Structures are given as structure tokens and as C-alpha cells.
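K.L.:
Sequence:
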Amino acid sequence: MLETIDLGNGLILEIWDYSRRLAGDRWLVGFLARVGVKPKKEDFSSSFYYERFLEKTDGFLYYRYQKERTFIPEDEVPEVYQRLKKNFLKAVLPYITRPDFKERLIATEVAQFEKRVDWELYLRKREEEEAELEVKYKNKEFF
2 MLETIDLGNG
12 LILEIWDYSR
22 RLAGDRWLVG
32 FLARVGVKPK
42 KEDFSSSFYY
52 ERFLEKTDGF
62 LYYRYQKERT
72 FIPEDEVPEV
82 YQRLKKNFLK
92 AVLPYITRPD
102 FKERLIATEV
112 AQFEKRVDWE
122 LYLRKREEEE
132 AELEVKYKNK
142 EFF
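Going by the numbering used here, the sequence shown runs without a break in its numbering and finishes at 144.
Mixed in with the good hints there might be a few duds.
[To be verified] Computed spacing ranges between beta-carbons, pair by pair:
#: 1; residue 1: Trp-120; residue 2: Glu-15; range: 34 to 42 angstroms
#: 2; residue 1: Thr-71; residue 2: Glu-43; range: 37 to 45 angstroms
#: 3; residue 1: Thr-71; residue 2: Lys-91; range: 18 to 26 angstroms
[Claimed, not checked] Lysine-lysine pairs mimicking DSSO-like chemistry, simulated, CA-CA at most 30 angstroms apart:
#: 4; residue 1: Lys-116; residue 2: Lys-141
#: 5; residue 1: Lys-116; residue 2: Lys-57
#: 6; residue 1: Lys-68; residue 2: Lys-91
#: 7; residue 1: Lys-42; residue 2: Lys-126
#: 8; residue 1: Lys-103; residue 2: Lys-68
#: 9; residue 1: Lys-87; residue 2: Lys-42
#: 10; residue 1: Lys-126; residue 2: Lys-141
#: 11; residue 1: Lys-139; residue 2: Lys-126
#: 12; residue 1: Lys-139; residue 2: Lys-41
#: 13; residue 1: Lys-68; residue 2: Lys-116
#: 14; residue 1: Lys-39; residue 2: Lys-86
#: 15; residue 1: Lys-39; residue 2: Lys-87
#: 16; residue 1: Lys-116; residue 2: Lys-103
#: 17; residue 1: Lys-126; residue 2: Lys-103
#: 18; residue 1: Lys-87; residue 2: Lys-103
#: 19; residue 1: Lys-57; residue 2: Lys-103
#: 20; residue 1: Lys-91; residue 2: Lys-42
#: 21; residue 1: Lys-39; residue 2: Lys-103
#: 22; residue 1: Lys-137; residue 2: Lys-126
If you're looking for bench data, these hints aren't it; they were derived computationally from the structure. Quick caveat, the model's predicted, so the values are computed rather than measured. Cβ coordinates follow ideal geometry from the N, Cα and C atoms, glycine included.
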């Protein structure tokens, strides 16, 4: 992590540089910005989802913004990185500093998480049903 910025709405923006050499003097310039929020149990529609959330994550929901530029000459890496950062701050900072950003992020991410859990449960159930049918019809011929 290179830098943190207090957003003034109770959240902290983390700025990361994950640039790396690709080949010779060519680089991948990687910029990552993220804001982490910790949802409460009440933010979930049931304690089942909250418990699954705690099992599957580090307890935080993240807003992430990532940009990459590839095959950048080594001498241009700092300039390209600063341009990515400047464009991000100019375009996104007004949005993530809004007072209601945290609540909106939690509502959106929790809804997506719950849908993902429901989908995983549905797929698991279908796989179990398929396995049962495989066993049931294992030695039967249909023609």
C-alpha cells in the first residue's frame, strides 16, 4: 500500500501500486484503489447469510477500482501510474466521499453476496440430485 486518504465520511481509501516488470524494460503498471467497510448483522436479510459472509470473507466488503497499462517503457512507469491515480481521483473521489456511500455500498454488496450464496446452494442441490439419479439409474437400460 502506498497511501491512505481519509474520505471524510468515516471511510479510508487505500491506494496500491502493483506495477511489475514484464520483459526487458517493459512494465505492467497497476493501480488499485479500495475502500473497505464492515457490515453489521442487521445489514443481511438473515443470520444465515451473515454467518456465511463471515466464513467466506475477512469480514469486510470492498469497493475496488483497478486500472492497468501494459508494455510501458521503464522510464515512463512513474508518469503513467500518476496519470492513472490522477484520473481516478478526479472521476471517482466525488462519488466515494458522499455521506451515503457506505450505506449504498453495503446494500449493493450484501444483495450480491446473498444472490451468490443462493446460486451456490441451488447448484449444490442440483449436483446432489444428479448424483442420486446416477445411482438410481446406474444399471438400467432405456432402449
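K.L.:
Does each hint hold? Answer for all of them.
P.N.:
Cross-check of the supplied hints:
1. Trp-120 / Glu-15: 34 to 42 angstroms: violated (29 angstroms)
2. Thr-71 / Glu-43: 37 to 45 angstroms: Since the Cβ atoms of Thr-71 and Glu-43 sit about 43 angstroms apart, the hinted range of 37 to 45 angstroms holds.
3. Thr-71 / Lys-91: 18 to 26 angstroms: holds (23 angstroms)
4. Lys-116 / Lys-141: violated (38 angstroms)
5. Lys-116 / Lys-57: holds (14 angstroms)
6. Lys-68 / Lys-91: Holds. Lys-68 to Lys-91 sits at ~14 angstroms (cutoff 30 angstroms).
7. Lys-42 / Lys-126: Holds, because 26 angstroms separates the two Cα atoms, which is no more than 30 angstroms.
8. Lys-103 / Lys-68: holds (22 angstroms)
9. Lys-87 / Lys-42: violated (36 angstroms)
10. Lys-126 / Lys-141: holds (24 angstroms)
11. Lys-139 / Lys-126: OK: Lys-139 and Lys-126 at ~20 angstroms, within 30 angstroms.
12. Lys-139 / Lys-41: It is violated: about 48 angstroms lies between the C-alpha atoms, which goes past 30 angstroms.
13. Lys-68 / Lys-116: At roughly 27 angstroms apart (the allowed maximum being 30 angstroms), Lys-116 and Lys-68 satisfy the hint.
14. Lys-39 / Lys-86: holds (25 angstroms)
15. Lys-39 / Lys-87: Between Lys-39 and Lys-87 the Cα gap is close to 27 angstroms, so the pair holds against 30 angstroms.
16. Lys-116 / Lys-103: holds (20 angstroms)
17. Lys-126 / Lys-103: violated (34 angstroms)
18. Lys-87 / Lys-103: Distance of about 23 angstroms is within 30 angstroms: holds.
19. Lys-57 / Lys-103: Holds - the C-alpha atoms of Lys-103 and Lys-57 are around 21 angstroms apart, at most 30 angstroms.
20. Lys-91 / Lys-42: Roughly 34 angstroms separates the two Cα atoms, so the pair is violated.
21. Lys-39 / Lys-103: holds (9 angstroms)
22. Lys-137 / Lys-126: Since the Cα atoms of Lys-137 and Lys-126 sit roughly 16 angstroms apart, the hinted pair holds (cutoff 30 angstroms).
The structure does not agree with the numbered hints 1, 4, 9, 12, 17, 20 stated previously, though it agrees with the rest.
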